[in-house]
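Peer 1: Keeping the supplied structure of chain L fixed, place chain C upon it in accordance with the hints.
As you go down the protein sequences, you meet chains L and C in turn. Going by my numbering, the first sequence opens with residue 29, and the numbers climb by one from there. Going by my numbering, the second sequence opens with residue -12, and the numbers climb by one from there.
Just some of the chain L residues that point at chain C, by a computed CB distance under 8 Å:
(1) V118
(2) K154
(3) E189
(4) V190
To give an idea of the chain C side of the interface with chain L (calculated C-beta under 8 Å), a few residues:
(5) Y162
(6) S242
(7) I253
(8) V271
(9) F277
Source of the hints: derived by calculation from the structure; they are not laboratory data. Beta carbons: idealized from backbone N, C-alpha and C, even for Gly.
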Amino acid sequence: MRLNLVLELLDVPGQLIDALNPIGRLGANIVAVIHQRDVKTERGTVPVQITIEGDKETLNQVLNVIEEAGIQIIQVDGILRKEKITTILVGNIVDNDVKDTVELLNNIEGVMVADLDLKMSDHPEKSASRIVIEAEQGRKKEVMAKIKEIGNLKGFMVINEV
Amino acid sequence: MKIVLIGFGSVGQGVAQVFQMKKGLVKEEYGLDLKLVAALDRSGAAINPEGLDIDLLLKTKNETGKVANYPEYGEAGLSGHEVLDEVEYECIIEVTPTNIEDGEPAQSHMLKAIKNGKHVVTSNKGPLALSFNELAKAAMENKVQFKYEASVGGAMPIINFAHETLSGCKIESIYGILNGTTNYILSRMAKEGSSYEQTLNEAQEMGIAETDPTQDVEGEDAACKVVILANSILKMDVTYADVEVRGISQITPESIALAKKEGYLIKLIGEVSKDNLEVSPRLVKEGSPFAVEGTLNVATLKTDLADEVTVVGKGAGSVETASAILSDIISIWKSR
Chain L
29 MRLNLVLELL
39 DVPGQLIDAL
49 NPIGRLGANI
59 VAVIHQRDVK
69 TERGTVPVQI
79 TIEGDKETLN
89 QVLNVIEEAG
99 IQIIQVDGIL
109 RKEKITTILV
119 GNIVDNDVKD
129 TVELLNNIEG
139 VMVADLDLKM
149 SDHPEKSASR
159 IVIEAEQGRK
169 KEVMAKIKEI
179 GNLKGFMVIN
189 EV
Chain C
-12 MKIVLIGFGS
-2 VGQGVAQVFQ
8 MKKGLVKEEY
18 GLDLKLVAAL
28 DRSGAAINPE
38 GLDIDLLLKT
48 KNETGKVANY
58 PEYGEAGLSG
68 HEVLDEVEYE
78 CIIEVTPTNI
88 EDGEPAQSHM
98 LKAIKNGKHV
108 VTSNKGPLAL
118 SFNELAKAAM
128 ENKVQFKYEA
138 SVGGAMPIIN
148 FAHETLSGCK
158 IESIYGILNG
168 TTNYILSRMA
178 KEGSSYEQTL
188 NEAQEMGIAE
198 TDPTQDVEGE
208 DAACKVVILA
218 NSILKMDVTY
228 ADVEVRGISQ
238 ITPESIALAK
248 KEGYLIKLIG
258 EVSKDNLEVS
268 PRLVKEGSPF
278 AVEGTLNVAT
288 LKTDLADEVT
298 VVGKGAGSVE
308 TASAILSDII
318 SIWKSR
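Isolated chain L (complex conformation) (with noise of 0.2 Å):
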């Protein structure tokens, strides 16, 4: 089968490579690849379109191998890849409108919550909800950033990762 990769480099020396290395070593084959060093990501990052071919557990592999050389991955096949992003928040849900809060974190360009969980407690005001959020990848922890910045603004105490 075939896969359409799109890859997020650093722009310096090496990384084009450092990417292809892995496919033919593992048994898969280059079929395409489109560089161009001067269009580049708002994150200053060169993508690299790649499709390969091979067998699912080949491919699987080399997403693998890819993704552990500590390079990005941002699309398989037309579908972006994304990041999961958990966080705690702890209040009064009912008072504070968590539900307002959902639609605030919606609304954040490329942001979807993807699981909602809430514990209430003896005291309202000590109830925690668990959010999980679904981000583009690379965009962690500016995410991070603006739950906290909602969490706080709604009066919520906001327990990110780490």
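Peer 2: For chain C alone, coordinates are given in the frame of chain L:
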């Protein structure tokens, strides 16, 4: 080396114990003769230019609570400044309680010693969190050593580790659990499902939390350590006011349970990076290096060459903290 010990609480007594335990070894391996010429607590001082009898000193403190009662050489009412003027010494060990309002009296003690050309070894976070660069600069100008390994992480190696072992690396950030009391409380809450108040009480009964636990539970102690790490290792110029601080008093058993459902623990994490200085409760993945229990401390240093390096160790305890002080003394001796 003639040493003045300022502060004879649990850390000070730990230092004395460690000196007694390691006197022989240190003499044999390094040719270092540890001579405690003066020891002070709030009651006064005991001074003997030939060196105090450590067993007798510890016994006096244990039985009477006052160093000033040391037979023959004890004197009530003497202050640190008076002792530093009167005694001939080469190095002070400053281990009085941390005062984060103005760092006194430790700050004056340290500056006095430095300006008189004496080395300073300390575990006292107050002056370091408030005027780190002033002290470091004074030490450099007066060509003396200023060492404070014991001020962060107790026996967990971090300051000297970063300066010496990782000397070729650029350290980009440090994340860590820097306070044993809060880590103990959060670990217990996770294990027992108990409330914060109940767990705090337990910790106080066990002596793990102080009667006034504010410095620990509100993250102030960890914030001081963040400042020290930022100045010392990341070469920033910051003070306590630059840290965003939030403690664990608002953590609930419900939030811990919710976190656990997704495979996370809640820990009080200190973050040291160029664009963020923060102490706050955070989610850490079970099985990550930050998932340590009890009173342990842990720190992960992100470096350019060595990638991530993690250290774990006992962050508190009188003898444990004193081990870091001894290590600094030996280091000063070696580099003379």
